[in-house]
Amino acid sequence: MIKTNCLICDAQVTLPEKTEESEIISCAECHTKLVVAKIENKVATLQEAPKVEEDWGE
Amino acid sequence: MTTIGILHTTIRGDEKLIIEAAKKRNIQIKLIDVREEIFNRKTYKCDLDVALERCVSTVKGTHATRFFESIGIIVINNSSVASICEDKFVTSCFLQKAKVPTPDFAMVFNTEQAAKAIDEMGGFPVVIKPPLGSWGRLLAKINDIDALEAVLEHKEVLGSPQQKSFYIQQYVKKPGRDIRAFVIDGKTICAIYRDSPHWITNTARGGVAKNCPVSKEIADISRRASDAVGGGILSMDIFETDEGLQINEINHTTEFKNSEKPTNTSISGAIVDYCVKVAKNL
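The listed protein sequences derive, respectively, from chains A and B.
Using my numbering, the letters of the first sequence map in sequence onto residues 249 to 306.
Using my numbering, the letters of the second sequence map in sequence onto residues -11 to 270.
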């Protein structure tokens, strides 16, 4: 488990074991969507998640 | 050991399931965030057996696929399949050409032609969809000429060039659900009903997934639709009508994370197995 903080509300965010870089997570406190930009030496860097774009989908 | 490169942008739950399924099979996965790559043929180094395109961004995914193909890497799905399935109008054309049942449709570029096309189709209601797009976004059910004029004027004024191509599809009254069939190499491995009281049944818009037994009719139409667009890993969105099943759309980077549990099927495992099969047949 990696612990870090929300960029928006500073609440603690806990990343599960199998979290991958580029994965989008939600802050449990403020519900902001965050993207896991980097995981290095058990330290995670978060960024605000990109907004859904016109060509996103399946 | 086989190495599958997953071409991705955002990692969704679906990609995590694929990664997990590969680990269970002792298959090596290389995650390639296409947003961080420099696709230069003269300098790019690559040691993949096969690539699986899983980008949430259709445009980036298509460019990445074409690049990898240009350096000799097989990509699933290939660029030909992607170019058909990423555009609803092109998909409809290929389905109709192959005589696969699909709702009537037309493409027009102005309101006057739209009104004529709707007359040809038997009148309102119709559905207007962006040719490129997903998750039920920007769909409009058009019940009369007033709504048609209003929606098309808004698209003309506010839309990107993509939004100014008006794909019109006959409105199909559904029994409160549609079907999504997961199809690999022409074979339907499982299917779900997407239940919703709303006319848009996408799970991204609140449709609830539950198991749909794969009937012979579902398997047959899915195989024919898969053949029509070039095969690979696909999901079919299917309408149930009084005249039988009709293929609505085909997804070439299908999302499935909410469908494994109700169908009790490892769709992710089947995807990995198919990639390995393709890699071994090279």
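These are computed hints drawn from the structure, not numbers from a lab.
Values in this document were obtained by computation on a predicted structure and should not be read as measured data.
Wrong hints could be hidden among the right ones.
As the list claims (entries may be wrong) - Distance condition first, Cα-Cα at most 30 Å in a straight line; then the derived BS3-like pairs of lysine-lysine: (1) B:Lys4 to A:Lys290; (2) A:Lys290 to B:Lys12; (3) B:Lys161 to B:Lys85; (4) B:Lys4 to A:Lys266; (5) A:Lys299 to A:Lys266; (6) A:Lys299 to B:Lys152; (7) B:Lys245 to A:Lys290; (8) A:Lys281 to B:Lys85; (9) B:Lys161 to A:Lys266; (10) A:Lys290 to A:Lys266; (11) B:Lys85 to A:Lys299; (12) A:Lys299 to B:Lys129; (13) A:Lys286 to B:Lys198; (14) B:Lys245 to A:Lys266; (15) B:Lys4 to B:Lys249; (16) A:Lys290 to B:Lys18; (17) A:Lys281 to B:Lys11; (18) B:Lys12 to A:Lys251; (19) B:Lys12 to A:Lys266.
What the hints assert, rightly or not - If you want a taste of the chain B side facing chain A, the calculated C-beta under 8 Å gives, among others: (20) Thr(-2); (21) Lys4; (22) Val47; (23) His51; (24) Gly121; (25) Val145; (26) Leu146; (27) Gln150; (28) Ser153; (29) Asn246; (30) Thr253; (31) Ser254.
Ideal Cβ positions, reconstructed from N, Cα and C, are used throughout, including at glycine.
Against the structure, the hints:
Proximity of Lys4 of chain B to Lys290 of chain A is assessed by CA-CA distance (about 19 Å); at most 30 Å being required, the pair is judged to hold. Taking the CA atoms of Lys290 of chain A and Lys12 of chain B, the gap is about 24 Å. The hint holds against a cut of 30 Å. Of the supplied pair hints, the one linking Lys161 of chain B and Lys85 of chain B holds, its CA atoms being roughly 24 Å apart against a limit of 30 Å. Distance hint between Lys4 of chain B and Lys266 of chain A is fulfilled; the C-alpha atoms sit about 8 Å from each other, no more than 30 Å.
For the given pair, Lys299 of chain A sits about 24 Å from Lys266 of chain A by alpha-carbon distance, which is consistent with the 30 Å threshold. For a cut-off of 30 Å, the pair hint linking Lys299 of chain A to Lys152 of chain B stands: about 22 Å separates their Cα positions. Using a Cα cut-off of 30 Å, the hinted pair Lys245 of chain B and Lys290 of chain A holds, with the two alpha carbons roughly 27 Å apart. For a cut-off of 30 Å, the pair hint linking Lys281 of chain A to Lys85 of chain B is broken: about 43 Å separates their Cα positions.
Only pairs whose Cα atoms come within 30 Å are accepted, and Lys161 of chain B paired with Lys266 of chain A is rejected, the gap being roughly 42 Å. Between Lys290 of chain A and Lys266 of chain A the CA atoms are separated by roughly 12 Å; this keeps the pair inside 30 Å, and the hint holds. Restraint check for Lys85 of chain B and Lys299 of chain A: the C-alpha separation of about 37 Å exceeds 30 Å, so the hint is violated. With a C-alpha separation of about 25 Å, the suggested pair Lys299 of chain A and Lys129 of chain B falls inside the 30 Å cut-off, and the hint holds.
For the suggested pair Lys286 of chain A and Lys198 of chain B, the alpha carbons sit about 36 Å apart, so the restraint of at most 30 Å is broken. Restraint check: the Cα-Cα separation between Lys245 of chain B and Lys266 of chain A comes to about 16 Å, which is no more than 30 Å; the hinted pair holds. Of the supplied pair hints, the one linking Lys4 of chain B and Lys249 of chain B holds, its CA atoms being roughly 15 Å apart against a limit of 30 Å. At roughly 20 Å between alpha-carbon atoms, Lys290 of chain A and Lys18 of chain B fall within 30 Å of each other, so this suggested pair holds.
For the suggested pair Lys281 of chain A and Lys11 of chain B, the alpha carbons sit about 28 Å apart, so the restraint of at most 30 Å is met. Proposed proximity of Lys12 of chain B and Lys251 of chain A is supported: the alpha carbons are some 27 Å apart, at most 30 Å. Between Lys12 of chain B and Lys266 of chain A, the direct Cα distance comes to roughly 14 Å. Compliance with the 30 Å bound is thereby established for this hinted pair. About 6 Å separates the beta-carbon of Thr(-2) of chain B from the nearest beta-carbon of chain A, less than 8 Å, and the hint is met.
About 6 Å separates the beta-carbon of Lys4 of chain B from the nearest beta-carbon of chain A, less than 8 Å, and the hint is met. The beta carbon of Val47 of chain B comes within 5 Å of a beta carbon in chain A, closer than 8 Å, and the hint placing it at the interface holds. The restraint placing His51 of chain B at the interface with chain A is violated, with a minimum CB-CB distance near 11 Å, outside the 8 Å limit. At a threshold of 8 Å, the smallest CB-CB gap from Gly121 of chain B to chain A is about 6 Å, leaving the interface hint in force.
Annotation: interface hint on Val145 of chain B violated; nearest CB of chain A at approximately 16 Å, more than 8 Å. For Leu146 of chain B, the suggested interface contact is broken, since its CB lies about 12 Å from the closest CB of chain A, more than 8 Å. Among the interface hints, the one on Gln150 of chain B holds; its C-beta lies about 7 Å from the nearest C-beta in chain A, closer than the 8 Å criterion. At about 13 Å, the closest approach between the beta carbon of Ser153 of chain B and any beta carbon in chain A exceeds 8 Å, and the interface hint on this residue is violated.
Taking 8 Å as the C-beta cut-off, the interface hint given for Asn246 of chain B is violated, the closest approach to chain A being about 12 Å. At its closest, the beta carbon of Thr253 of chain B sits 18 Å from a beta carbon of chain A; the interface hint therefore is violated under the 8 Å criterion. Nearest Cβ of chain A to the Cβ of Ser254 of chain B: about 17 Å, over the 8 Å cut. The hint is violated.
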